[in-house]
Amino acid sequence: MSPKTLYDKIWDAHVAHESEDGTCLLYIDRHLVHEVTSPQAFEGLRMAGRDVHAPDKTIAVPDHNVPTTPGRENPDQMTEDSRIQVAALDKNAKDFGIHYYPVTDVRQGIVHIVGPEQGWTLPGMTVVCGDSHTATHGAFGALAHGIGTSEVEHVLATQTLIQKKSKNMKVEITGKLRPGVTAKDITLAVIGETGTGGGTGYVIEYCGEAIRNLSMEGRMTVCNMAIEGGARAGLIAPDETTFEYVKGRPHAPKGAQWEAALNWWKTLYTDEGAHFDKVVTLKGEEIEPVVTWGTSPEDVLPISATVPAPESFKGGKVDAAKRAIEYMGLTPGQKLTDIQIDTVFIGSCTNGRIEDLRAAADIVKGKKIKEGMRAMVVPGSGLVRAQAEEEGLADIFKDAGFEWRLAGCSMCLAMNPDQLSEGERCASTSNRNFEGRQGYKGRTHLVSPAMAAAAALTGHLTDVRELMTENA
Amino acid sequence: MEKFEKLTGIAAPMPLVNIDTDMIIPKIFLKTIKRSGLGVNLFDEMRYERDGSEKPDFVLNKPQYREAQILVAGDNFGCGSSREHAPWALTDFGIKSVISTSFADIFYNNCFKNGILPIVLPQEAVDVLMKDTEKGSNARMIVDLEAQTVTTSDGEVFHFELDSFKKHCLLEGLDDIGLTMAKADAIQSFEEKAAQERPWV
Ligand code: SF4
Chain A
27 MSPKTLYDKI WDAHVAHESE DGTCLLYIDR HLVHEVTSPQ AFEGLRMAGR
77 DVHAPDKTIA VPDHNVPTTP GRENPDQMTE DSRIQVAALD KNAKDFGIHY
127 YPVTDVRQGI VHIVGPEQGW TLPGMTVVCG DSHTATHGAF GALAHGIGTS
177 EVEHVLATQT LIQKKSKNMK VEITGKLRPG VTAKDITLAV IGETGTGGGT
227 GYVIEYCGEA IRNLSMEGRM TVCNMAIEGG ARAGLIAPDE TTFEYVKGRP
277 HAPKGAQWEA ALNWWKTLYT DEGAHFDKVV TLKGEEIEPV VTWGTSPEDV
327 LPISATVPAP ESFKGGKVDA AKRAIEYMGL TPGQKLTDIQ IDTVFIGSCT
377 NGRIEDLRAA ADIVKGKKIK EGMRAMVVPG SGLVRAQAEE EGLADIFKDA
427 GFEWRLAGCS MCLAMNPDQL SEGERCASTS NRNFEGRQGY KGRTHLVSPA
477 MAAAAALTGH LTDVRELMTE NA
Chain B
2 MEKFEKLTGI AAPMPLVNID TDMIIPKIFL KTIKRSGLGV NLFDEMRYER
52 DGSEKPDFVL NKPQYREAQI LVAGDNFGCG SSREHAPWAL TDFGIKSVIS
102 TSFADIFYNN CFKNGILPIV LPQEAVDVLM KDTEKGSNAR MIVDLEAQTV
152 TTSDGEVFHF ELDSFKKHCL LEGLDDIGLT MAKADAIQSF EEKAAQERPW
202 V
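Just so you know, the sequences run in chain order A and B. For any residue, its number in my numbering is found by taking its place in the first sequence, counting from 1, and adding 26. For any residue, its number in my numbering is found by taking its place in the second sequence, counting from 1, and adding 1.
Hints may contain errors.
[Claimed, not checked] Here are a few chain B residues that face chain A, going by a calculated C-beta distance under 8 Å:
no., residue
1, Lys4
2, Glu6
3, Lys7
4, Asp21
5, Asp23
6, Leu31
7, Gly75
8, Ser82
9, Ser83
10, Glu85
11, Ile178
12, Ala187
13, Ala195
14, Gln197
15, Val202
Worth flagging that the hints you see were computed from the coordinates, not collected in a lab. Bear in mind the structure is a predicted one, so any value in this text is a computation, not a measurement. Backbone N, C-alpha and C define an ideal beta-carbon position, used for all residues, glycine too.
Kindly generate the complete structure, drawing on both the sequences and the hints.
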C-alpha cells in the first residue's frame with residue numbers, strides 16, 4: 027500500500043459513497059450546532075418533512091448571541107432578535123431530540139470548547155459545524171471543518187456531506203519555542219508566512235517538535251486559526267497528550283471500547299514517505315511574540331517591529347494595506363509598542379481555555395490594569411470558568427481590575443452586547459481583526475493571552491517578555 | 002433552487018483584496034432566522050453612513066452599477082466566517098456571479114447552494130474584466146455556464162474551470178439533499194460497517 031497522510035487515512039475511513047467524477051459522500055461522526063447558522067436549516071427540514079438522521083451525533087449549544095453578564099437567564103437581557111434565535115435553538119433541540127446545553131447549564135460555552143471538553147470530539151472523527159472555527163477540533167487528529175447553513179441542513183438530514191478531497195499541506199514547526207512565545211504566536215506566524223489564501227484548497231497537518239510539545243489547549247489554538255490561513259482544516263496527529271486529555275471525558279469511550287479506540291487511534295499518523303502537495307517550515311526558536319497591525323490576520327509582525335509602509339507590499343495588497351493603516355489609525359514607521367490600547371479582551375474559541383487564562387493570570391498577578399482601561403476575561407465555557415475560580419485565577423483578574431464574565435463568544439464577534447465603540451482599540455486574543463469585527467469602526471490587534479495581559483497592564487502593545495524578566 | 006443558465010449583465014468592480022464575510026454582511030444582520038431580505042444590507046458598512054444614508058463613492062451606490070449582477074473582485078473573496086448569509090445577501094441584491102483570482106473555500110461552496118456562480122480566473126484575465134467593468138451600464142458581460150466562458154463587452158472570451166458535479170447541480174437547479182437521499186442505501190451500509198469497526202463513535 028502506498029504511504030498515506032493522516033488526512034488520507036481519516037478521509038478513507040469516512041467515504042460512504044464515491045461517484046465516478048470523484049465527488050464523495052463523507053460520513054460525519056459529530057455535528058455541532060449553534061444558534062446563528064442553524065435556524066434556516068431546521069426550518070428547511072420542517073418544510074421538507076425531514077427528520078434529523080442521527081440526533082445522537084448532533085450536539086447544540088447557544089454561544090454567539092448570549093450575554094456574558096450575570097443574570098442572563100433572564101431573556102430581557104437579550105435584544106429581541108437574539109432572543110428569537112436562542113429560543114429557536116431551544117425549540118429545535120427539543121423537537122428533534124438532539125443533545126443540548128442551554129445557557130443555564132454549567133457545561134454551556136463556545137461550541138468548539140464544549141465539544142472537546144465533553145469528549146464529543148475524538149481522534150479520527152469527522153466533525154462539522156456551521157462555523158468556520160470548527161478547525162479547532164483538528165487538534166485531536168479529527169477531520170473538522172466549517173460548513174454553511176445549506177450544508178448544516180444536508181448533514182442534519184443525511185449525516186453526510188458532499189465533498190471532494192482537498193490537497194495535503196504540511197506545516198512543520200521545528201525546535202523549541204522561546205519563553206513568552208505561545209501557540210497563538212505559532213499560528214499567527216504561520217498565517218503571516220502563507221497569507222490568508224495560502225491554505226486554500228488544502229488540509230494542513232501541523233507537525234514538528236514545537237507542535238508535539240504543545241498541550242491540547244495549545245494545539246487547539248493552532249488548529250483553530252487554520253481557517254484564517256484559508257485551509258479547509260488543520261490536523262495534528264494524536265499522541266499520548268491527546269489520549270491523556272480525552273480519557274475519562276463524559277462522552278469518551280470506556281473500558282473495552284476505550285482499548286479498541288486507542289488501538290485505532292494509534293494508527294493515525296502520516297506514514298513515512300507520504301506525499302504532501304505543499305510544505306512550509308518555520309523554526310520554533312525564531313518565532314517571536316507577534317501582533318497584527320492591520321485588518322487581515324495575515325497582517326502579522328513581531329512585537330519589536332514597526333507599522334509597515336503600504337508601498338512595501340505588492341499588487342492589490344498595496345491598496346488593502348493603505349486602507350488598513352487608515353482604518354487602524356496608524357502611521358507607517360510607528361513602533362508597534364507605541365500603539366495605545368483602551369480595551370483588552372481575553373477569551374474566544376482561540377484562547378478561552380484554562381491554560382490561556384493561566385498564562386494571562388501569570389502576567390497579571392498582583393498588579394493592576396492601566397487606569398481607564400476596559401479589560402475583560404470571558405471563559406470559553408462554564409467549566410473553564412468554574413476551574414479558574416477554583417484555581418484562584420478569577421480573583422487575580424478581578425483584583426487587577428478585569429471584568430470576570432460568563433461563557434460565550436462575546437467580543438470575539440460582538441453579536442452580543444460586548445462591543446467596541448467607534449475608534450476604540452483592543453488587544454484581543456480572538457482570531458479575526460476584520461473591519462468592524464468587534465464593533466463598528468472598532469480596531470483590533472490580535473495577540474496571545476500573555477500579550478493581552480501585558481497590554482492591559484501597560485496601556486500599550488507590549489513585549490510580554492519584558493514583564494516576565496521583571497517577574498523573575 | 003433556481004437554474005443558472007446564461008447570464009448577460011452589468012459587472013461592478015471591487016478590486017480590494019481579502020473582502021471578508023464581515024464586509025459582505027456584518028454580523029448584526031445574522032440575527033435573522035430567515036434566508037431572505039438581506040440584500041439591502043449587503044456590504045452594509047461600506048455602503049451606508051451610520052445614519053443610513055448612502056455613501057455615494059461605494060461602487061454599488063453609483064448609478065451605473067446599481068443593477069449589477071456580476072462582481073469582479075480582488076483576490077481571496079469571501080474569506081472569514083462560514084455564514085451563508087453572505088451568498089444570501091448577494092443573491093437577494095441580485096448578484097448572480099462573482100469573478101476573482103481566488104475564493105475562500107466555504108464561501109465558494111456556499112455560493113453553489115444558492116444559485117450563485119463563483120468564477121476563478123487567472124490574474125491577467127481578471128485584470129481585463131476589471132477594466133471592462135469601467136464601462137458601467139454601457140456594457141454587458143456574458144457568463145455562460147454551459148460553455149464555461151466569460152465574454153467581455155468587446156467580445157473577448159475567457160474559459161474557466163469548474164467541477165463537473167457543481168456545474169450539473171447549478172445548471173439543473175438541483176437540491177443536494179434530495180440527491181444524497183437517493184443514496185440512502187450506501188449511507189446505511191456505511192453505518193453498519195462503521196458500527197462494527199468503530200463502535201465507540
Ligand atoms: S469565539 Fe469567535 S470565532 Fe469562536 S465560535 Fe465564537 S464567534 Fe466564532
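Residue hint aspartate 21 of chain B, partner chain A, criterion CB-CB below 8 Å: holds (5 Å)
Interface hint status, glutamate 6 of chain B versus chain A (Cβ within 8 Å): Violated, about 21 Å.
Verify the interface restraint on valine 202 of chain B: the C-beta must sit less than 8 Å from at least one C-beta of chain A. holds (5 Å)
Does serine 82 of chain B hold up as a contact with chain A if the rule is Cβ-Cβ below 8 Å? holds (5 Å)
Interface restraint verdict for aspartate 23 of chain B against chain A (beta-carbon cut-off 8 Å): Because about 4 Å separates aspartate 23 of chain B from the closest Cβ in chain A, which is inside the 8 Å limit, the hint holds.
Do the numbers back the hint for glycine 75 of chain B, that is, is its least Cβ distance to chain A under 8 Å? holds (5 Å)
When the nearest CB of chain A is found for isoleucine 178 of chain B, is that gap smaller than 8 Å? holds (5 Å)
Have a go at the glutamate 85 of chain B hint: is there a Cβ in chain A nearer than 8 Å to its own Cβ? holds (4 Å)
Given glutamine 197 of chain B as an interface hint, is the shortest Cβ-Cβ distance to chain A below 8 Å? Hint violated; glutamine 197 of chain B Cβ to chain A Cβ min 11 Å, cut 8 Å.
Is the hint on lysine 4 of chain B kept, meaning its closest Cβ partner in chain A is under 8 Å away? With Cβ-Cβ at 17 Å, over 8 Å, it is violated.
Let's test the interface hint: is any C-beta of chain A closer than 8 Å to that of alanine 187 of chain B? Alanine 187 of chain B check passes; min Cβ-Cβ to chain A is 4 Å, inside 8 Å.
Evaluation of the interface hint that places alanine 195 of chain B against chain A, nearest CB under 8 Å: holds (7 Å)
Violated hints, in rising order: 1, 2, 3, 14; the structure is consistent with all others.
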